[in-house]
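K.L.:
Counting in this note's numbering, the sequence shown runs from 1 upward without gaps.
Everything labelled a hint here was simulated from the structure, so no lab data went into it.
Warning: the hint list may mix true and false statements.
[Said to hold, decoys possible] Lysine-lysine pairs mimicking BS3-like chemistry, simulated, CA-CA at most 27 Å apart: (1) K198 x K155; (2) K60 x K23; (3) K31 x K80; (4) K80 x K69; (5) K69 x K155; (6) K31 x K60; (7) K252 x K198; (8) K31 x K69; (9) K31 x K155; (10) K69 x K136; (11) K198 x K80; (12) K136 x K155; (13) K31 x K136; (14) K136 x K23.
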Amino acid sequence: MSYENLLVETREHIATVTVNRPKVLNALNRKTVEELDACFRALQQDEDVRAVIITGAGEKAFIAGADIKELATYSPQEAKECSFRGQAVLNRIENLGKPSIAAINGYALGGGCELALACTLRIASQAARLGQPEVKLGMTPGYGGSQRLPRLIGKGMALQMILSGDPLSAEESLRWGLVNQVVPPEELLPAAEGIARKIIANSPLAVQYCMEAVEQGLNMSIEQGLFLESTLFGMSFATEDMREGARAFLEKRAPRFAGR
1 MSYENLLVET
11 REHIATVTVN
21 RPKVLNALNR
31 KTVEELDACF
41 RALQQDEDVR
51 AVIITGAGEK
61 AFIAGADIKE
71 LATYSPQEAK
81 ECSFRGQAVL
91 NRIENLGKPS
101 IAAINGYALG
111 GGCELALACT
121 LRIASQAARL
131 GQPEVKLGMT
141 PGYGGSQRLP
151 RLIGKGMALQ
161 MILSGDPLSA
171 EESLRWGLVN
181 QVVPPEELLP
191 AAEGIARKII
201 ANSPLAVQYC
211 MEAVEQGLNM
221 SIEQGLFLES
231 TLFGMSFATE
241 DMREGARAFL
251 EKRAPRFAGR
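Modelling step: build the complete structure from the supplied sequences, incorporating the hints.
P.N.:
The following block contains the structure:
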C-alpha cells in the first residue's frame, strides 16, 4: 500500500515507518493521522512484521506536533473529534501486539511527543527535543499526553513539562526516563534496528504476552496484575515456542521460534 505522507519499508521482519512531511517538520494533519491508522492496521495483520520503527523525514524533526494551520480552523466539537481520532491511532500503536520503537531524530513536540509515548520504546538522537507545548497555544494535550506522560515519568515531572510547555533536551529526557537511550544522529536508526533485532530473536508470542502483562497491569491493582501475569505465564506453556525454547536450551543451541 502506498501513502501520500508516509514511507513504509519492511526488511527482515522489521517495518520502518517514516512520517514524510519534512517541509512542515512532519506535522500531523488529518490526512497523516488517517494514513497512520491505515498503516498500523496493515502492520498489525502482517505476520511477516514482528517489530516497527517509527521516525520522521529530514534532520530537524521526528514530528513537530499537530498541523496548527489546520487546528486553527476547528470548532470545539471538531477539536474534540480530532482528539478522539488521534487517540484511537495512538491506542492502536500502543496495543499493536508487536514492539514499536520511536527513533526520535529531532523535534518531538505535542502530537509528536504523544506518538512517541505510545511506542514501546524510545531512542533519541542527541539533537532531539521532546515537549508538550500546547499551553503556549492556549490548548491542552489532545492525543493522550496528559495520561501517558505521568504514567511514564511520574506526576510531578509530567506536570512540569505540560504546564511550562518547555521542551527537554535528549539528555534531560534520558534522565527523566522519557527515553531509553540517546545516541549520535548517525547512529539513531542503526541503534533502533539493533534493539528491534534483539527483540525479534525471541518468541513473538512471549514478547506479546510480556507487553500485555506490563501495559494492562499498569492499569490494575497489584493483585489483578499478578493474576494476569500468572494467566499469561500459563498460556505461554501452551505454545510451540515454549517447547522449542526449552529444547533449544537443553540442547545448547539457538531456538527456532515459529510464533505458535
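K.L.:
Work down the list of hints and note, for each, if the structure agrees.
P.N.:
Okay, the hints, checked on the actual structure:
no., hint, result
1, K198 x K155, "violated, 32 Å"
2, K60 x K23, "holds, 10 Å"
3, K31 x K80, "holds, 17 Å"
4, K80 x K69, "holds, 17 Å"
5, K69 x K155, "violated, 31 Å"
6, K31 x K60, "holds, 21 Å"
7, K252 x K198, "holds, 19 Å"
8, K31 x K69, "holds, 13 Å"
9, K31 x K155, "violated, 33 Å"
10, K69 x K136, "holds, 15 Å"
11, K198 x K80, "violated, 39 Å"
12, K136 x K155, "holds, 20 Å"
13, K31 x K136, "holds, 25 Å"
14, K136 x K23, "holds, 22 Å"
The structure shown violates the earlier hints numbered 1, 5, 9, 11.
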